[in-house]
Amino acid sequence: MINKNEIQEQIVCAVDAVRRTNPLVGSVTNSVTINFVANAQLAVGGSAAMVYLADEGEFLSGVGGAFYINIGTIIPLYEQSLPHIAGKLYEFGKPWVLDPVAVGIGTLRSCILTQFKAYKPSIIRGNASEIIALAGLWGLDKATKSNVRGVDSTDAVSSAKASAIALAKWTGGAVAVSGATDLVTDGSVVVFSHGGSHYFEKITGAGCSLGGVAAVFAAVANPFVAALSASAIYNLAGQRAEQKATGPGSFQSEFIDELYKATPEDVANNHFEIEEI
Amino acid sequence: MINKNEIQEQIVCAVDAVRRTNPLVGSVTNSVTINFVANAQLAVGGSAAMVYLADEGEFLSGVGGAFYINIGTIIPLYEQSLPHIAGKLYEFGKPWVLDPVAVGIGTLRSCILTQFKAYKPSIIRGNASEIIALAGLWGLDKATKSNVRGVDSTDAVSSAKASAIALAKWTGGAVAVSGATDLVTDGSVVVFSHGGSHYFEKITGAGCSLGGVAAVFAAVANPFVAALSASAIYNLAGQRAEQKATGPGSFQSEFIDELYKATPEDVANNHFEIEEI
Amino acid sequence: MINKNEIQEQIVCAVDAVRRTNPLVGSVTNSVTINFVANAQLAVGGSAAMVYLADEGEFLSGVGGAFYINIGTIIPLYEQSLPHIAGKLYEFGKPWVLDPVAVGIGTLRSCILTQFKAYKPSIIRGNASEIIALAGLWGLDKATKSNVRGVDSTDAVSSAKASAIALAKWTGGAVAVSGATDLVTDGSVVVFSHGGSHYFEKITGAGCSLGGVAAVFAAVANPFVAALSASAIYNLAGQRAEQKATGPGSFQSEFIDELYKATPEDVANNHFEIEEI
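Respectively, the protein sequence lines represent chains Z, F and L. Position 244 (the first sequence) corresponds to 244 in our numbering; numbering is contiguous. Position 277 (the second sequence) corresponds to 277 in our numbering; numbering is contiguous. Position 187 (the third sequence) corresponds to 187 in our numbering; numbering is contiguous.
In case anyone wonders, no lab produced these hints; they're calculated from the structure. Please note: incorrect hints may appear among the correct ones.
Pairs of lysine-lysine, DSSO-like flavour, derived with a Cα cap of 30 Å [stated by the list, open to error]: (1) F:261 - L:244; (2) Z:94 - L:202; (3) F:145 - F:169; (4) F:117 - F:169; (5) Z:94 - Z:120; (6) L:120 - L:169; (7) L:261 - Z:261; (8) Z:145 - Z:169; (9) F:261 - F:94; (10) F:244 - L:244; (11) L:244 - Z:202; (12) F:261 - Z:261; (13) F:202 - L:94; (14) L:145 - Z:94; (15) L:202 - F:244; (16) Z:244 - L:244; (17) Z:202 - F:94.
A short list of chain L residues far from chain Z (calculated; beta carbon distances all over 10 Å) [what the hints assert, rightly or not]: (18) 3; (19) 62; (20) 115; (21) 188.
Quantities reported herein were computed from a predicted structural model and do not represent experimental measurements. C-beta atoms are modelled at their ideal positions from N, C-alpha and C, and glycine is treated no differently.
Just chain Z, with the same shape it has in the complex (with noise of 0.2 Å):
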């Protein structure tokens, strides 16, 4: 099994090589937090860009070097573009991340989310609800029952374990959830990163801009790297946000000054516990 320290040098490599490279990432990701995923990318090292068309995310999936897709404000539009660029991005062999906003809501939502099964996304990010309820759309868990509310989870991260295990177990890729303590895990081992801050919940997008960033570590590192050290370096930066913030709002400001600043090491030395399944 991993160890603690082979994931911790590779944390450090990984946000190293994103600040050395500055990788193109391309996404498809809902108006609310768009600008706040760009932001995010941009303070952790990365470039970003936004689409919503076809043949132009197929144009960033070629020569990006990781994608983002993120279904929440899904639009008619996205019924041909997003399996096409999924499509597109699994046959390049493109590392993408998926982010299934408010899976459950909606016919579109989930007729493309169930499509999205063939293409593997390389790592699956969402709180504890949309997981278990992404692993029930697949066939993958059917034991677990899911609670969406809205865009809110209102079960707890441990409970989406044995979904978020069966999901990567699909993918061969990672799957993150969010919540007071993140787990990410690649299906045969578990990893729990603690930090972050209750101002997460005050917010709108510290979700959408973790997957955002999960998609630039993913473009210079192996999905589960990629997946804990966006988990990392968004708890370690929420830490020390909340103690300079007076309010969610200064929070805002303060959390990508933070995600700016974090040092690889920083990074790879926020506190997590590694469970063998």
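Add chains F and L to chain Z, keeping to what the hints say.
Just chains F and L now, kept in the frame of chain Z:
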């Protein structure tokens, strides 16, 4: 007639109830200020979910406590989705807030707004020009003339009083006119809420997010108290944020912080006057 | 040839006129930075109205002082609306700013940009790669080669000089190339505007909002003075904000504050050099 103490007690209850129950509010809102709307809704204690599709809006109308419709940056998709969602809100008896941004510009905008008349929004929030124009469009007050210029008001709040009362009498709900002093009416009483900041006109979204926050309060209080609570917390937080801000950029984050920090008593004690009609 | 003092006097007049007259500027712009564009336009003293529909753009073209078109995050709707709006702006003789974001990516984007040639935007603002690519697309400078990568420029500002001059000669307006030092030309004179901040590359929307602000100035000044005033206020505010910021998050709000606080004289005195062609 309702007296000041009774109103203040109800504001305390509304602000407190939102903090305790974290009501879910769905929105269809413009792309310019969508992030600010969501963050304001979260700051006062609500939960925000933004959608564009008819079936998703219908779902949130059913499970949420209230809904917010802002027709800024309309797209052709709204032709189907907005009347459908408004119709379901009316059918379900769910409170909803209408923000008739830029009423009078464009054919589709007028067409959609005309259809909303039958679905009686619980709260209508706009600047003076928008309230006058909407009352004219709905044939409720043809005497007053509106001067909409883009998304700005060129009319004084007081000039919209007759239109606001006419609209409130039609809907049976409340109407809030935003300006230097805000006017809120349920058709039988007019309240003037004081405070705010000159920065409200130097940032985008002060009005939109006020509408979104009114929807959060409408999930736990009657339309009149909800509209008044929203105006009061905005006027209070605006005043406090202005004292700490060094410009419109810092004002935005200070303002969100102050929305978050305001206590129910603070909000209820924000200066207002009652005028019988 | 125009001398430095004359230019400075015209910048003073432009910045002052915007503050006094609060010109209305309509925009069709991308969803990533739409909020930042509007807030920057308000901070310098303009009024902002964002739309997507053809008839609404036409209306704002008629009543507004200038218009801003940014083709980032294009959607199928733009195929009809953008050429229509640009055509009306040309017909009405209204100044408009084109931001050819990511020119070269996707079929629709090239198709729309090609049509804009006939409608001669008063100001074209882009990074070096975009300016070179647009001059190539319009057949005005086929000698220079562009290296667009997503939305980033991989070319130096100086390498776009010939393309910028060729574009300005075609439109009869001005061209602004953004980079470490900004280049602004009207086809007969080239001005280099100094200052800015390394954070401009670490936030999303520095370029877009510069284009939006150029449109605000274009409502009160000729295209060359407008483009130069916009570059000058950006370089000044960027430099000042950087001194107060502790990262890209705080930089954003400091920057908006500095845009708001800059006096006409401050802006006119920001360092620039003139070069005769």
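Here's how the hints hold up against the structure:
1. F:261 - L:244: Given that 30 Å is the threshold and the Cα spacing comes to 26 Å, the pair holds.
2. Z:94 - L:202: holds (25 Å)
3. F:145 - F:169: The hint holds at about 19 Å.
4. F:117 - F:169: This hinted pair holds, its Cα atoms lying about 12 Å apart.
5. Z:94 - Z:120: The hint holds at about 11 Å.
6. L:120 - L:169: holds (10 Å)
7. L:261 - Z:261: holds (28 Å)
8. Z:145 - Z:169: holds (19 Å)
9. F:261 - F:94: holds (28 Å)
10. F:244 - L:244: This hinted pair holds, its Cα atoms lying about 16 Å apart.
11. L:244 - Z:202: Measuring from Cα to Cα gives roughly 26 Å; hence the hint holds.
12. F:261 - Z:261: Distance ~28 Å between residue 261 of chain F and residue 261 of chain Z Cα, so the pair holds.
13. F:202 - L:94: holds (25 Å)
14. L:145 - Z:94: holds (28 Å)
15. L:202 - F:244: Holds: residue 202 of chain L and residue 244 of chain F sit about 26 Å apart, inside 30 Å.
16. Z:244 - L:244: holds (16 Å)
17. Z:202 - F:94: holds (25 Å)
18. 3: holds (39 Å)
19. 62: holds (28 Å)
20. 115: holds (17 Å)
21. 188: Residue 188 of chain L is indeed farther than 10 Å from all Cβ atoms of chain Z, at 35 Å.
When each numbered hint is compared with the structure, no violation occurs for any of them.
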